Amino acid sequence: MSPDHVLVVDDERDFVEILAERLRSRGLEVTCATSGREAISAVEEQIFDAVLLDLAMPDLDGLETLRRLHEIQPDLQVMILSGRATVKTAVEAIRRGATDIFEKPTDVETLVERIRSARATRIAHEDDMAEEHIDEILKRRGW
Amino acid sequence: MGSDDHRLLQREGVLFFGNVIAGLSHELSNVFNIINEMAGLQQDIVGGAQPGSTDTADRLFELAGRIKAQVERGETYNRYLHKLAHSVDDTGIAFDLGETLELVSSLAARPARLARVELVMQPPEQPVTLEGDPFAFVLMIYGSIGAVLSAADSERRVEVGAAAHDQAVRITITSADSLPADVIDESAAALRIGRAAWGMVHTLDRRPDAHDSVILDLPVVAPGPHATADDEGQEDPDVT
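Going down the list, the sequences are from chains A and B.
In case it helps, my numbering puts the first sequence at residues 1 to 143.
In case it helps, my numbering puts the second sequence at residues 144 to 383.
Chain A extracted, bound-state conformation (with noise of 0.2 Å):
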C-alpha cells in the first residue's frame, strides 16, 4: 500500500519544510504548499489523502483556499492548522468543509493520526461512492 499522502499549505517556509520532514520521518508522502495558488495547482495535479491547511495566508487566505480545493475535490479531507483560529473562522472552515481544526502548535503525532484516519476517511468514501455506481449499474439493466 501506499503512503498517505497529505499536502501542507502554509505560508512560513520554514514551517512547511520542518513539518514536511517530521511527518516524513513517520512514514507520509508530503507535498509542500507556501500559498492557496500552489495549493490549488497541487490538488489539480495529484491525489492527496489530507490536507494541512493554514488560514493566514497572502493571495487567497485559508477559507478561499479551502472552497476552492473542494470545488476540484470535493471529497477531499481538508485539515485546518492555524495560529489563531478563533471561534468564528473555526465555525466557518467547518461550514464550509473543512474536517478538523488545530491550533498551533501541534502535537506531531495527534497530526499523523488524523491524516491516517483521513485516509481511511476517504477510502471508505471512495468505496461508498463505488458500490453506488456499481447499483445503478445493476438497476439500469435490470440485473
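What the hints contain is simulated information worked out from the structure, not anything from laboratory work.
As the structure is a computational prediction, the values presented were derived from the model and not from experiment.
Yeah, the Cβ is synthetic: ideal placement off N, Cα and C, and Gly gets one too.
Where hints are given, some of them may not hold.
[As the list claims (entries may be wrong)] If you only want the chain B side, here are some residues facing chain A, beta carbon under 7 Å, derived:
#1 Met181
#2 Arg253
#3 Arg256
#4 Val263
[Said to hold, decoys possible] No farther apart than 35 Å at their CA atoms in a straight line, the calculated lysine-lysine pairs in the DSBU-like style are these:
#5 B/Lys226 <-> A/Lys104
#6 A/Lys104 <-> B/Lys211
#7 B/Lys211 <-> B/Lys226
#8 B/Lys226 <-> A/Lys88
#9 A/Lys104 <-> A/Lys88
Got chain A sorted already, so can you dock chain B onto it with the hints?
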C-alpha cells in the same frame, strides 16, 4: 492641536495600535511555531540517531542556526513593539526621519505581504531631524501607506521615498498602479492628523504613465498648536 483633532488622534491611535499589535502578535506566533517544530525535529533526530553520527551533529548544527535566525526575527518584532510603545512618550521631541520611516514601513510590511504588494522604503539621502509629535507622524504615514496598499493591485510595488529641501520634507508614496481619486478619502483621518499636528499639505499626483503618488509636504519644524483648521474655527474640506 484642537480638541477635535486630539480626540481623532486618540481614536485613530487606538485603532492603529490594535491593528499593528495584532499583526506583530501573529508574526511572533509564527516564530514560536517554527522554533517549536525545529525543537521537535531535533528531538526526532536525536531519538533516531546512531551513536557518534557526524551526520546527526551536522544536522543539529544546521537546525541551531535556523533557530537563531528565528530568534533574531522575533527580536526584530519585539524591537518594533518597543519603539512603537515609546513613540507616544513625548509630543514635542526631535527624531530622525529615516529611522521613523523605517519603523513605519516595517510595521506596514505585514499588511503589504498579505496584499501581495512589495513595499519598498527609500530613506532620505541625508539625515533629517524632525521636531514634533512622532506618534502623529507615524500614524499619518502608516494611514497613507495603508490607503495606497488598499488601492494597489496585487503583485505590484509601492515605494515610500523622502527628500528634504529648504525647510520642508516631502514624503512620496508611489504606486506602480494608477491610484483612484478617492484614495485620499481612505486615509482622511491620517491626513487630518498630519495637517493638525504637522501642518502637512497633501497632494494626489496622478500621471498618464500610471505611477501615481500621494505626496505629503511638511515643514521640518512642526507648527505650533495654533496652526490647525480646528483652532481657527474652520471646516475641514477633506473630511466628511
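| Among all the numbered hints in the text so far, which are the ones the structure does not match? | Failing hints, ascending: 2, 4.
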